[in-house]
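Novice: Sequence:
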Amino acid sequence: MKKIFIFLSLTMSISISAQRTLDTIYANDQKNVALFFSSPIRQGITGASHFVFTYNREKEQYFGLLQAKPGLESNLLAVTRDGSVYSYILKYSERLSKLNYFIAANERIGKEAPLNKPVQQEKKNFVAKENRKDYFLRACTHLLKSKSTTIAIKRKQGIKLELEKMIYEGSEVYLVIAIKNTSGINFEIDYLNVYRTNGNNNRKASFQRIQQQVVYQHDNPNTILTGLSQRFVYVLPKFVLGDNEKLMLELKELNGSRKVILEDNFKKIVRTKRPS
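Residue 829 in our numbering sits at position 30 of the sequence shown, and the numbers go up by one each step.
Hints are computed from structural coordinates only; laboratory data are not their basis.
Computed from a predicted structure; not experimentally measured.
From the three backbone atoms N, C-alpha and C, an ideal C-beta is built for every residue, glycine too.
Please note: incorrect hints may appear among the correct ones.
To be verified - Listed below are the simulated BS3-like cross-link pairs for lysine-lysine, each with C-alpha atoms no more than 27 Å apart in a straight line:
(1) Lys-1051 - Lys-953
(2) Lys-979 - Lys-953
(3) Lys-858 - Lys-979
(4) Lys-1045 - Lys-955
(5) Lys-1058 - Lys-955
(6) Lys-890 - Lys-953
(7) Lys-946 - Lys-959
(8) Lys-1045 - Lys-830
(9) Lys-944 - Lys-932
(10) Lys-830 - Lys-910
(11) Lys-1051 - Lys-959
(12) Lys-959 - Lys-1037
(13) Lys-1045 - Lys-868
(14) Lys-1045 - Lys-897
(15) Lys-953 - Lys-1045
(16) Lys-1045 - Lys-1058
(17) Lys-1045 - Lys-959
(18) Lys-959 - Lys-1058
(19) Lys-979 - Lys-946
(20) Lys-955 - Lys-1051
(21) Lys-868 - Lys-830
(22) Lys-830 - Lys-858
(23) Lys-955 - Lys-979
(24) Lys-979 - Lys-1051
(25) Lys-1051 - Lys-1037
(26) Lys-830 - Lys-897
(27) Lys-979 - Lys-890
(28) Lys-932 - Lys-955
(29) Lys-932 - Lys-953
(30) Lys-868 - Lys-897
What the hints assert, rightly or not - Here are the in silico distance ranges between beta carbons for each label pair:
(31) Thr-948 - Phe-862: 31 to 39 Å
(32) Lys-1037 - Glu-872: 28 to 36 Å
(33) Ile-952 - Lys-1037: 20 to 28 Å
(34) Thr-1025 - Ser-947: 16 to 24 Å
(35) Gly-983 - Asn-831: 41 to 49 Å
(36) Asn-899 - Leu-943: 35 to 43 Å
(37) Asn-905 - Lys-955: 17 to 25 Å
With these hints in hand, go ahead and build the complete structure from the sequences.
Specialist: And the structure:
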């Protein structure tokens, strides 16, 4: 009888803990709100697309960044490496009284799996990452087979850099990019980087750019032969451009001086679609 009483008391305490009122975190599109956890972040999901939570998916880190567009309130669900689950209400606010949240382990709402199964958890993580790559492959293949469109183009010295599509899907954004070479000289690619920029590039003191992480590349070329073109796809963690921000693609030639920069805010022409 005593054992039954203890079990019932424990069950009730867990139920009450799970149903406690969630704390609220405020964010906007002008500033980054940083969330620091006591264990590295393994997964973070927001309930609505106008809230974006970014974190390093390749190398697990202790912090993530939150941004928001105006809209209805939503929620954030985060899971850390040790299996702790955290949940918060998200709201948009033009004024932010707090930019950094240091989240203690006792703020978790529960555990994803028992602590005595670390080996099984590691195997589950590995399978999830491999399955994600398979999904990227299928989605990118589908996008390259679909009809090409044009969002923005930049031409310089016989090299055309074109952004065909910008598609949001889940926690990623897909960029379909095309490069065409009509210069008469083969173009070896040193790099093609993606940045978020803020300010006027002609006034260096007020210009900032942040390189965006590319989590998957599909059919990206090393060389564009003269007279030919190549289409490929970059997959990045989802981001939201602020009112004063632009997206920049910077293409640089290897062992040469040619460089093409395509920059725009793309806000009026972003296409939202689910790759199949």
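Novice: Confirm or reject each hint.
Specialist: Going down the list of hints, with the structure as the test:
1. Lys-1051 - Lys-953: Distance of about 13 Å is within 27 Å: holds.
2. Lys-979 - Lys-953: Status holds; Cα separation ~11 Å.
3. Lys-858 - Lys-979: Roughly 34 Å between the alpha carbons, so the hint for Lys-858 and Lys-979 is violated.
4. Lys-1045 - Lys-955: This hinted pair holds, its Cα atoms lying about 20 Å apart.
5. Lys-1058 - Lys-955: Given that 27 Å is the threshold and the Cα spacing comes to 8 Å, the pair holds.
6. Lys-890 - Lys-953: Violated - the C-alpha atoms of Lys-953 and Lys-890 are around 38 Å apart, more than 27 Å.
7. Lys-946 - Lys-959: 19 Å, holds
8. Lys-1045 - Lys-830: 15 Å, holds
9. Lys-944 - Lys-932: 18 Å, holds
10. Lys-830 - Lys-910: 31 Å, violated
11. Lys-1051 - Lys-959: 12 Å, holds
12. Lys-959 - Lys-1037: The hint holds at about 26 Å.
13. Lys-1045 - Lys-868: Given pair Lys-1045, Lys-868 holds - Cα atoms ~15 Å apart, limit 27 Å.
14. Lys-1045 - Lys-897: 25 Å, holds
15. Lys-953 - Lys-1045: Answer holds: Lys-953 to Lys-1045 is near 15 Å, not above 27 Å.
16. Lys-1045 - Lys-1058: 19 Å, holds
17. Lys-1045 - Lys-959: 20 Å, holds
18. Lys-959 - Lys-1058: 11 Å, holds
19. Lys-979 - Lys-946: The hint holds at about 17 Å.
20. Lys-955 - Lys-1051: 12 Å, holds
21. Lys-868 - Lys-830: 11 Å, holds
22. Lys-830 - Lys-858: Roughly 24 Å separates the two Cα atoms, so the pair holds.
23. Lys-955 - Lys-979: 11 Å, holds
24. Lys-979 - Lys-1051: Holds. Lys-979 to Lys-1051 sits at ~14 Å (cutoff 27 Å).
25. Lys-1051 - Lys-1037: With a Cα-Cα distance of about 24 Å, the restraint between Lys-1051 and Lys-1037 holds, given a limit of 27 Å.
26. Lys-830 - Lys-897: 11 Å, holds
27. Lys-979 - Lys-890: Not satisfied, since the Cα-Cα distance of roughly 44 Å exceeds 27 Å.
28. Lys-932 - Lys-955: Violated, at roughly 34 Å.
29. Lys-932 - Lys-953: Answer violated: Lys-932 to Lys-953 is near 31 Å, above 27 Å.
30. Lys-868 - Lys-897: At roughly 17 Å apart (the allowed maximum being 27 Å), Lys-897 and Lys-868 satisfy the hint.
31. Thr-948 - Phe-862: 31 to 39 Å: 37 Å, holds
32. Lys-1037 - Glu-872: 28 to 36 Å: 19 Å, violated
33. Ile-952 - Lys-1037: 20 to 28 Å: For Ile-952 and Lys-1037 the Cβ distance comes to about 24 Å; the hint holds.
34. Thr-1025 - Ser-947: 16 to 24 Å: Hint holds: Cβ distance 21 Å, inside 16 to 24 Å.
35. Gly-983 - Asn-831: 41 to 49 Å: 45 Å, holds
36. Asn-899 - Leu-943: 35 to 43 Å: The hint (35 to 43 Å, Cβ to Cβ) holds, given that Asn-899 and Leu-943 are roughly 41 Å apart.
37. Asn-905 - Lys-955: 17 to 25 Å: Check failed, 56 Å falls outside 17 to 25 Å.
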